[in-house]
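Residue numbers (this note's numbering), protein chains in the order written: chain A, 3 to 112; chain B, 2 to 117.
What the hints contain is simulated information worked out from the structure, not anything from laboratory work. Any given hint could be a false lead.
Claimed, not checked - Capping the alpha-carbon separation at 20 Å, the derived lysine to aspartate or glutamate pairs in EDC-like fashion look like this: (1) B:K45 - A:D9; (2) A:K28 - B:E42; (3) B:K45 - A:E7.
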Amino acid sequence: SQQGEEDPQALSIQEGENATMNCSYKTSINNLQWYRQNSGRGLVHLILIRSNEREKHSGRLRVTLDTSKKSSSLLITASRAADTASYFCATGQGAQKLVFGQGTRLTINP
Amino acid sequence: NAGVMQNPRHLVRRRGQEARLRCSPMKGHSHVYWYRQLPEEGLKFMVYLQKENIIDESGMPKERFSAEFPKEGPSILRIQQVVRGDSAAYFCASSPRQGAFADTQYFGPGTRLTVL
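One chain only, chain A, in its complex shape (with noise of 0.2 Å):
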């Protein structure tokens, strides 16, 4: 069964404004990865945040994760028209797979 679930499903902002998008989980997690997937084409990996870290950021990201509620967050600022994509979270889960969220597709309008 999938581990991670996105929310929300789809997401249209203006440009210039923040994007925000919600994980949640149900099992315990060694780490949390957000990926980026540009239509049609592969993953590329955002950041990863251990399982005890509360606050990762890079560049124009920031993610959260808070154990206690099995939820993680994902805080775009100043999006772009190149942030359009399709947004995933995926847990790691002991040292092998990880186990991805249906995505959260997210579209700048300019």
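Based on the hints, put chain B in the right spot on chain A.
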């Protein structure tokens, strides 16, 4: 350092034929993962391999699907007697499993399989 390479990028097969998908991990990575993505869905784990070993194949269908990662050469995902339901994008990822980025999986561009 080249990224994860997959070929072919697109593969068309007729029902009953065999499909072979290849994955070359990033240099220095000895851990390979295969995932399948159906349209409008997230990726689903299929199999995790190290050189010459299958570590976890819990996501692999019991029949027609097999994977290998030989000592030399790329990892191969093999689908025998393909059916229309096998049409999907198949992604390979590799990981160093050590160092600062031990848990990060780096994905290839995928192979899009279409079964006619």
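Verification of the hints:
1. B:K45 - A:D9: At roughly 18 Å apart (the allowed maximum being 20 Å), A:D9 and B:K45 satisfy the hint.
2. A:K28 - B:E42: This hinted pair holds, its Cα atoms lying about 19 Å apart.
3. B:K45 - A:E7: This hinted pair holds, its Cα atoms lying about 13 Å apart.
The structure fails none of the hints (numbered hints given earlier).
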